[in-house]
Amino acid sequence: MSDAIRLSDLTLGYDGHPAVHHLDGAFATGSLTAIVGPNGSGKSTLLKGIMGTLAPLGGSIARDAVEIAYLPQSAEIDRSFPATVAELIGLGLWKRRGLFGGLTAADREQLAAALNAVGLEGFARRPIDTLSGGQMQRALFARVLVQDAPLVLLDEPFSAIDEKTVADLMALVGRWHAEGRTVIAVLHDFELVRRHFPRALLLAREPIGWGDTASVLTAENLQRARAMPEAWDEHAPWHDATAHDHAHDHGEHVH
Amino acid sequence: MSLDLFWAPFVEFAFMRRALAGAIILAISAGPVGVFLMFRRMSLAGDAMSHAILPGAAAGFLVSGLAILPMTIGGFVAGLVVALLAGVVSRVTAQREDSSLAAFYLISLALGVLLVSLKGSNVDLMHVLFGTVLALNDDALILIGGVASVSLVGLALIWRPLFAECLDPTFLRSVSKAGQPVHLIFLALVVLNLVGGFQALGTLLAVGLMMLPAAAARFWVRSIEAVAGVAVLFGIAAAYLGLLGSYYLGAASGPAIILVAGAIYLVSLVFGRRGVVFSRVAPARHRIA
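Chains as they are written, first to last, in my numbering: chain W, 479 to 733; chain V, 51 to 339.
Hints are supplied without guarantee of correctness; some may be wrong.
[Stated by the list, open to error] Here are some, though not all, of the chain V residues that point toward chain W, as calculated from beta-carbon distances under 10 Å:
#1 89
#2 141
#3 144
#4 210
#5 213
#6 219
#7 221
#8 222
#9 224
#10 226
#11 268
#12 272
#13 273
I should point out that these hints are in silico values taken from the structure, not numbers from a laboratory.
For clarity, every value in this text was computed on a predicted model and none was experimentally measured.
Ideal Cβ positions, reconstructed from N, Cα and C, are used throughout, including at glycine.
Given only the sequences and the hints, what does the whole structure look like? Please build it.
Structure, rendered in structure tokens:
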């Protein structure tokens, strides 16, 4: 099986402080992977790196798919902006319609079909500030459907969403997997990951485990992930690129 | 008394007709730009930009006196430089765009006042700061018309990416690199409208015809197209009523236009469909689902 994304000694971060540290590995084409880990462990940062909106501090990301469907954390969307549901999910047609093109009748049918698929039939003309949290998430999934991309990145798609909605949307994720798309989701619910995701990457700034979910989400690994120091160490010594043996332990820098 | 009162000043005096034409064109051009500024939560950025164009206008004034074209070009360049510097600083450092914009516009404003004081008098400074809509000549009208044309066409061209950038900037970055250039083009349109307005209303009040109608319109309608349309209508009404009122009261015309726009805002705030009164009064009936 070929790799959709290959990470080589990848370090991503802000202001020289790594949020993802020395990550090596690959997401196979058509794989369904959950990225889990404590807050601040670099999960969303890794998605931004894969998307290409954050340049690596070190190492590289090789990606064969040009088109990516990205579902941002819903907090990043301005809910007070006067857009309708159709306009929000219509953004998913961006690649095909370009900057300036209008929507065709076929596009509108596709939008309606996507709304039906996520259980929002009849919502096309509703303003987004009248949607509940679950309905908003359904709308964002409809946009991913419309994008029809071979690579799907979901950033905390199920935070603050009720069980029924999670079940409905998880069915869509299963469908994308069955269609051979590569799907990567940042998640917090270990039960959900164990039930639905064949592959898992456990991050605590450094990779704790990456592979079959059962072998990654072990009690011992989760314990190690929880031990990650949450705060940045402002005085952490600069990483020595010449002595590159990975033997250092970032939890125990001596000053 | 007759209805004549409502148009007599404009029939009688060419300078009143020119003032009306200039102010209406400005309202049509600046209104929609103001709507996007408001929805991008940059209402005060417009104000900062209006201060930032002062040193450029002053430099033009130093070179060639109160001539419109040098002052306009100078103002446009100064505004663009401040907007670009603020954008660059927010990108390469941790400082956010609003604080870097504040820093650069304050530097720019002080520089501008200093430049005017080198050559001119306080009267000249007042002219640059508050404009003279009654002194619009044909050159000024042509300039305002040109600004409005460029602004309306430019805004129409970037409407969709700008809409996307306001709604979901993270998503736009994931599918397109258009976000950053669109933001810069939009800032250029803001500066363009401000320099277009400064001959008539001055650098400080030009932003009034941009923001007040937009803020007022939001209390009446919801969609961004409708808000832009209503904002233009409010701006035109403010231009007409402000000039008429200033004529009969013998008051300064620029501030009168902005005050009428302010009055429209206050009335909308209280009585608009989405204003204070109607959002407090619970609807008497509701649907069953």
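To see whether the hints hold, each was checked on the structure:
no. : hint : verdict
1   : 89   : holds, 6 Å
2   : 141  : violated, 13 Å
3   : 144  : holds, 7 Å
4   : 210  : holds, 6 Å
5   : 213  : holds, 7 Å
6   : 219  : holds, 8 Å
7   : 221  : holds, 6 Å
8   : 222  : holds, 8 Å
9   : 224  : holds, 4 Å
10  : 226  : holds, 6 Å
11  : 268  : holds, 8 Å
12  : 272  : holds, 5 Å
13  : 273  : holds, 5 Å
Of the numbered hints given earlier, the model fails hint 2 alone.
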